[in-house]
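Which chain is which? The protein sequence lines are V and D, in order. Numbering of the first sequence is given in the numbering used here, commencing with residue 1 and proceeding in unit increments. Numbering of the second sequence is given in the numbering used here, commencing with residue 1 and proceeding in unit increments.
Do not rely on the hints blindly, as some may be mistaken.
Here are some chain V residues pointing at chain D (derived, C-beta under 8 Å) [what the hints assert, rightly or not]:
1) R60
2) K96
3) A118
4) L128
5) I132
6) E136
7) S156
It is worth saying that the hints were derived from the structure and are not from the lab. Built from N, CA and C at the ideal position, the CB exists for glycine as well.
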Amino acid sequence: MDLGKDLLLDMYRSMTRIRLFETKVRDLATANEIPGFVHVSIGEEASATGVCAALRKTDRITSTHRGHSHLIAKGGRLDRMMAELFGKRTGYCKGKGGSMHIVDFSLGILGANGIVGAGLPIATGSALAAVIAGTEDVTACFFGDGASNEGTFHESLNLAAVWKLPVVFVCENNGFGEFTPMRTVTSVKDIAVRAKAYDIPGHIVDGNDVLEVYRYASEAVARARAGEGPTLLECKTYRWEGHVVGEQAFLGAASYRTEQEVNEWKARCPLIRFDKFAAESGKISVTDLQRIKQETEVELEAAIKFARESPLPDASEVTEDVFT
Amino acid sequence: MAVTTYIQAINQALAEEMARDPLTFVMGEDVVLSAFGATKGLIDKFGPTRVRNTPIAEAGFVGAAVGAAMAGTRPICEVEFASFFYCAFDQVCNQAAKLRYMSGGQARMPITFRCVYGAMGGAAAQHSETVYAQFLSVAGLKLVVPSNPSDMKGLLKSAIRDDNPVIVFEHGALGGHREEIPAGEHLVPLGKAAVKRVGEHVTVVAIGAMVPRALKVADRLAKENISVEVVDPRTLIPLDEDTILSSVEKTNRAVVFDEGHLRGGAATDIAALIGEKGFDFLDGPVRRVTTLDVPIPFSPPLEKAALANEARLEAAIRELVGR
Numbered sequence: 001m002d003l004g005k006d007l008l009l010d011m012y013r014s015m016t017r018i019r020l021f022e023t024k025v026r027d028l029a030t031a032n033e034i035p036g037f038v039h040v041s042i043g044e045e046a047s048a049t050g051v052c053a054a055l056r057k058t059d060r061i062t063s064t065h066r067g068h069s070h071l072i073a074k075g076g077r078l079d080r081m082m083a084e085l086f087g088k089r090t091g092y093c094k095g096k097g098g099s100m101h102i103v104d105f106s107l108g109i110l111g112a113n114g115i116v117g118a119g120l121p122i123a124t125g126s127a128l129a130a131v132i133a134g135t136e137d138v139t140a141c142f143f144g145d146g147a148s149n150e151g152t153f154h155e156s157l158n159l160a161a162v163w164k165l166p167v168v169f170v171c172e173n174n175g176f177g178e179f180t181p182m183r184t185v186t187s188v189k190d191i192a193v194r195a196k197a198y199d200i201p202g203h204i205v206d207g208n209d210v211l212e213v214y215r216y217a218s219e220a221v222a223r224a225r226a227g228e229g230p231t232l233l234e235c236k237t238y239r240w241e242g243h244v245v246g247e248q249a250f251l252g253a254a255s256y257r258t259e260q261e262v263n264e265w266k267a268r269c270p271l272i273r274f275d276k277f278a279a280e281s282g283k284i285s286v287t288d289l290q291r292i293k294q295e296t297e298v299e300l301e302a303a304i305k306f307a308r309e310s311p312l313p314d315a316s317e318v319t320e321d322v323f324t
Numbered sequence: 001m002a003v004t005t006y007i008q009a010i011n012q013a014l015a016e017e018m019a020r021d022p023l024t025f026v027m028g029e030d031v032v033l034s035a036f037g038a039t040k041g042l043i044d045k046f047g048p049t050r051v052r053n054t055p056i057a058e059a060g061f062v063g064a065a066v067g068a069a070m071a072g073t074r075p076i077c078e079v080e081f082a083s084f085f086y087c088a089f090d091q092v093c094n095q096a097a098k099l100r101y102m103s104g105g106q107a108r109m110p111i112t113f114r115c116v117y118g119a120m121g122g123a124a125a126q127h128s129e130t131v132y133a134q135f136l137s138v139a140g141l142k143l144v145v146p147s148n149p150s151d152m153k154g155l156l157k158s159a160i161r162d163d164n165p166v167i168v169f170e171h172g173a174l175g176g177h178r179e180e181i182p183a184g185e186h187l188v189p190l191g192k193a194a195v196k197r198v199g200e201h202v203t204v205v206a207i208g209a210m211v212p213r214a215l216k217v218a219d220r221l222a223k224e225n226i227s228v229e230v231v232d233p234r235t236l237i238p239l240d241e242d243t244i245l246s247s248v249e250k251t252n253r254a255v256v257f258d259e260g261h262l263r264g265g266a267a268t269d270i271a272a273l274i275g276e277k278g279f280d281f282l283d284g285p286v287r288r289v290t291t292l293d294v295p296i297p298f299s300p301p302l303e304k305a306a307l308a309n310e311a312r313l314e315a316a317i318r319e320l321v322g323r
């Protein structure tokens with residue numbers, strides 16, 4: 001697959017936006033400027049980016065509690081995201097959702113979700129809507145290894161397979177459900193093999209290689225759009241940070257992984273991988289990458305300023321938006 | 001006007017609304033052949049794309065209805081028995097009910113859930129329960145409990161057109177009830193109670209299948225010059241507080257009659273409303289006649305002992321009016 005320069009730069013921009021946004025969010029949450037539970041995706045930039053790069057703007061996604069990466073990759077605005085994290089009226093959800101619940105219907109983002117596995121049937125239904133309405137829209141469903149043990153995973157894969165729905169199930173296997181190693185609570189080593197139970201294709205993908213993710217996702221999206229049904233992709237990846245920002249407050253001195261393991265995965269950083277590819281390919285110059293990084297830093301600073309300076313919701317808004 | 005059963009009224013409402021809006025579709029357990037007849041024949045009119053049998057996987061297909069609604073269609077999702085909702089609690093309570101609010105008003109959630117509730121005789125606790133109370137304190141749902149064919153048709157059509165998640169509770173024992181219903185377009189708005197019988201001495205707020213029973217009791221007591229007003233809220237959310245309170249203002253006595261359980265139930269909620277906002281109207285305590293707080297038993301004498309019934313309603317009314 002020969003990828004054009006614009007697409008490559010778009011993917012680099014997406015991963016950079018995720019990395020810088022998440023790093024800043026971690027720091028702001030640690031400083032208590034952002035309230036509530038915050039889950040960041042540092043180290044998991046490639047799976048979100050590679051999948052969303054294979055989608056059209058009118059295609060839809062569902063996301064998870066660790067959802068900032070998916071929203072950014074689908075084109076989410078950093079300023080409105082940051083404002084939502086701050087609980088401000090100018091946020092995507094007017095301050096009613098917060099980090100785990102950001103939605104942007106204009107971009108096909110049906111939402112992050114605080115319930116593990118909740119996005120699977122929602123994505124399945126979104127794909128069903130495309131069939132009912134007769135559109136070509138595909139839905140990509142992000143979820144983690146933990147969700148693959150939920151009943152909704154199995155019910156959704158079965159339903160999507162039976163109805164041949166245009167959905168791509170993307171498992172980001174980062175090795176842990178909260179503080180529990182996936183291997184200790186999961187019957188299989190590879191989530192992708194569960195596709196066999198539903199007679200659909202399942203692929204193991206290097207989730208830290210954005211180009212490989214993009215290749216597999218493009219194939220699965222094309223298959224879905226052609227009416228051939230769902231695919232399960234398992235992107236093997238790792239989260240560098242804890243399950244939740246500030247998790248040491250819960251864990252105390254305990255730990256569920258070694259520093260060595262974390263460092264091994266840091267060496268497989270999706271952005272460093274891309275830098276290497278760029279240098280070897282000769283298509284992209286270092287200047288291009290630096291320019292994108294600088295532009296993203298400016299965008300992010302503006303987003304934080306916007307969030308800080310935006311008004312909090314008025315108490316009178318509490319009863320708005322329950323019903324239409 | 002044509003004589004129509006409760007089940008036929010459902011069928012008519014579905015067919016009319018599906019003809020009206022091509023983005024409307026039916027999904028659920030056995031909707032093609034239709035165990036109770038409500039969706040019978042829709043497959044012939046609308047085809048397999050819009051009439052879909054689901055696997056018996058409530059979390060999966062109820063969740064899919066949520067996604068389909070958010071993505072711009074108008075699903076009508078049948079959960080065969082109301083107790084099966086327990087298998088899809090997350091999808092109804094965390095997803096359908098909350099996502100509009102949590103998204104700051106971005107999500108539209110035009111889903112109609114249909115289910116059969118209530119005791120039909122010998123179906124035991126997992127197929128006989130009245131479960132709307134379980135949804136009463138989940139903000140973001142509308143709850144509809146039609147008590148006759150005419151209301152069923154008009155309320156169901158309104159529910160389907162509503163852009164919010166609505167659960168329509170169909171009592172299993174009312175299926176064969178028949179009456180004349182208005183010809184042509186017939187809509188009953190959500191949130192408007194009906195005074196089903198005008199009376200002077202006591203208000204009975206009756207819910208769902210308890211309405212025809214309350215009317216029977218009212219008929220009997222009329223022979224003794226005890227005049228009973230029967231108010232049917234028709235929808236529990238939104239609740240027409242004004243009609244209930246106006247009736248109590250007139251009669252000064254109130255009984256709430258519900259097949260649901262007492263503890264945390266719909267009758268308790270309505271009694272609290274009357275106690276709080278209608279206290280000055282009352283000549284005595286608000287009585288609640290409900291099913292006992294036990295799972296619905298299988299064996300006929302036990303089932304009978306558990307369920308709210310006409311005799312208990314009559315006793316409560318007599319106690320209040322002192323006759």
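Quiz item: Can you give the numbers of the hints that this structure goes against, from lowest to highest?
Solution: Number 6 only.
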